[in-house]
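Undergrad: Residue numbers (this note's numbering), protein chains in the order written: chain A, 1 to 302; chain B, 303 to 652; chain C, 653 to 983.
Bear in mind the hints are in silico, worked out from the structure with no lab data behind them. Note that the Cβ used here is the ideal one computed from N, Cα and C, for glycine as well. Take these hints with a grain of salt, some might be off.
[Claimed, not checked] If you want the footprint, here are the derived chain B segments under chain C, 3+ residues with CB under 8 Å: (1) 347-360; (2) 364-375; (3) 491-501; (4) 513-521; (5) 565-574.
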Amino acid sequence: MDPDHFLPLCSRQPIVQDQVVAGSSYWKESLRRLRANRIALLGIGILIFLGLFALFGPMLSPYEHYEMHLPMKNSPPSSKFIFGTDELGRDMYTRTCHGARISLFVGITAAFLDLVIGVAVGAIAGCVGGKWDEAIMRTVDILYSIPHLLIVIMLMVVMGPGIFTIIIALTFTGWIGMARIVRGQILQLKQLDFVRAAEALGASRGRILLRHLIPNAMGPILATMTLTIPTAIFAEAFLSFLGLGVQAPATSWGSMASTGVYALRFYPWRLFIPATFISLTMLCFNLVGDGIRDAFDPRLRT
Amino acid sequence: MSPVGENIPKILTIRGKSPEMQENALNNSDTILAKMPPLISVEELRVHYLSDKRSLKAVDGISFSLHEGKTLGLVGESGCGKSTTGKAVLQLEQPTGGKILFRGTDLALMSSKELFAFRRESQMIFQDPYASLNPRMTAGDIIAEPLDIHRLEKGSQRTTRIHELLQLVGLSPHLASRFPHEFSGGQRQRIGIARALAVRPRFIVCDEPISALDVSVQAQIINLLKSLQEEMGIAYLFITHDLRVVKYLSTEIAVMYLGHIVESAPTEELYKNPAHPYTQALLAAIPLPDPVQERKRNRIVLKDEVPSPYAPPPGCVFCTRCPFAQPICQTERPVMRQIASAHYAACHFA
Amino acid sequence: MSNLLEVEDLHICFSVLGQEVHALRGINFTLRKGEILGIAGESGCGKSVAAKAIMRLLPAHSSSVSQGKIFYNGQNLLKLSEAEMRSVRGKEIAMIFQDPMTSLNPTKTIGAQVMEGYCLHRPEIKKQEAKHYAIELLRQVGIPQPEERFLAYPHLFSGGMRQRAMIALAIASEPKILLADEPTTALDVTIQAQILDLLRKIAQENGTSIILITHDLSVIANMCDRVAIMYAGKIVEEAPVDVLFKTPRHPYTQGLLHSIPRLDTPRDHPLVPIEGRPPNLTKTFSGCAFCPRCSSALRICTANDPPYISCDTEHHVACWREHPQNPHNQG
């Protein structure tokens, strides 16, 4: 071996104290993980399609959703009526698009309100603790134990049926799940040293909550929200199915399914079409919700 | 209660003065009035937790003081109450009894404004480098948070200060935009130290700052803390379980056991002449990286385990495991007695 | 002196989030009968991986042994079927872990757990006899009032007691080899002294050979007969314990010994840290893994991985400075 090889190494970079493992912000990393999840991406794709369907679908149709063609009532899907017609001869395709608007709007709005109220209540309960926490959680328990349907019917009586009544009915107790999750997250996070560090620095409680606690609880919050939407959509469908939802001529998937049930024997498309849309939407939101949870909280993955 | 150590504090390096003046100042330090009031003075501190009607006496009557620019090492094994003490001094835990004085003012009597000002002068460094930084904030934001809270430097001055602090702890300024998960344990601990230094505190509570780090990195952080103290005159309350580490930084050491201080002495004195049986056992239990010495050493292997803090022994807290226990130890709690100059131990027979 | 265990050129790779981590890059060591071998290194060096590899406890779906053999009793453990391995695991080779909190089943009593391991390997034994033996084991490891503690659940035990219980579990079947993976790291120093004493007693009285894995060089000095220092997936130095601490040859070992805080040096004795960090094992690199942090690096160190050189009887170093062809080698 060449003895020169054994000469001391003279030119060498100074020891770098600064090596870092390249990464980026929490959001970018999480989005990257989400993008790698094919199933979640498929779900997002379908949801985008459904959104477009809801917004622009009716423009592609020559008919209005309340337009009746009585001679053509209960006709199966054909070139004239892509999804067929219902018992009053109304075009199912257009009605499905309108139903999509109502169902998605109600579902997302209710979920969003749940988010806002749930995070606020959960954060206060978790952060303040003590007697306030006890008071809030006991209230939550009481609210939770009241039968849902009872509340809806009461509200219907007081406010009359309609979209906003449904939204309020859904929101009335829908925030409880989110509140519980947020409170749990905050109680966990409060123990961590970086929160103590903020306290030691003199940070106010509000600052700790907004800058330290809530941002770190975002993962479960987002995941819960994405999973609340299908629950809300189904609840709306269920209420409309019972006749407590939107009134004619406005329609939602639930009310379409409601009338479709009676005609199942002879005109199955009248049930299958709205039911398929409900199921597909719920499935996609669930897949996306799972994907979000895995992406934002990788520790939960095995 | 007698304070720990009545040493004359070494005068801080006077910056900006000529070398002759510094020389003079150093020479005069011995003649300057010995008793500068301590920065922190703890008297009969008690922290008790109530759970299920049982009282957990985490800290049960300890007293010590910390002077400007010095380090007091608080040593003990798990459950002895040292971390609780550190948190109580910073008012992160509510004391159940006793007094904590900062520059003579009782912390419990401070208004919220005064407490806020206190938080500028006192800081903490934590044990777990992975939990002590907010994962959603950049290193720069983490370090600058105290500046934001106390409304100090803003705008471009803030950025300059962030870079200054990063360099002070040995990291390069371009790392300010990175997130905690991109750093190693040692680097995160440096960021934590930079955050603590941002407000130019007078003292820092270091709660096991190196226990979670790799051995080769521990030396880096110890050296960093040492040089920062020399440069900036910060006092440390250095909390650790490791008697090997504490001596590099501390001028005085207090040994804790089950919520009590059992011995306190200047550093060299403690290692040379440990008076309390627990200190002796602790020193004997620590292995040396020298197999020849190890074989020759006297082993004092304590029996049993630490009693539950819910039910500490009535007399001396150490009597259940003490190799020299006598009947009096079980009934009468010993008080801190002076053994030698600045050296105190709580033992009937020391 | 017969070799009880021989590890030959072991290479282990992990697949983590799509990336390959070369956890072990070719290690060789032997364990002799009746000795305590120490494997020391910092986090990420691969020492725990090596122990788990011997026990075949690495997760099958994300780890792979790309090369190497582990010989016990003339058999290559890596080639055994799972059923055959089960008769070795626990019976011939046992392991104790770092965290006594999570290593014991919280839903079973201590006694039941100690008996479980024992009865697994001795199906013919009667329950009463096994119980009696288990209580004796608990007494042997220093658990007071073993008859009562037999019926207790782990959460009632302190850390030191749990570690003792875990040791009882491990030695129940009288294994020939005990792998101790950081057994005292999570314990207080006075309890650590008790546990190390216990391990020493077991080695002496039962003739068990022990592989002690730790990051604490002082524990190694206290306990071990021979020691191997690991860095970045390789063994960089191996020697009898007296020799290693007196005349360490590898720059990493020397650096470590200069940087650790110790009880027996004066206050102002400087601690000299090793600057920099261990390398990223997801990247393959040429040359010595320690080279970027080494103050005595040679030109050849950047290009070629150093061979395992015998610089003395039983003293091996993986360092180019010790190479016989190095003209600057002081010998």
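Undergrad: If a hint holds in the structure, say so; if it doesn't, say that too.
TA: Each hint, compared with the structure:
| no. | hint | result |
| --- | --- | --- |
| 1 | 347-360 | violated (count 0) |
| 2 | 364-375 | violated (count 0) |
| 3 | 491-501 | violated (count 0) |
| 4 | 513-521 | holds (count 6) |
| 5 | 565-574 | holds (count 3) |
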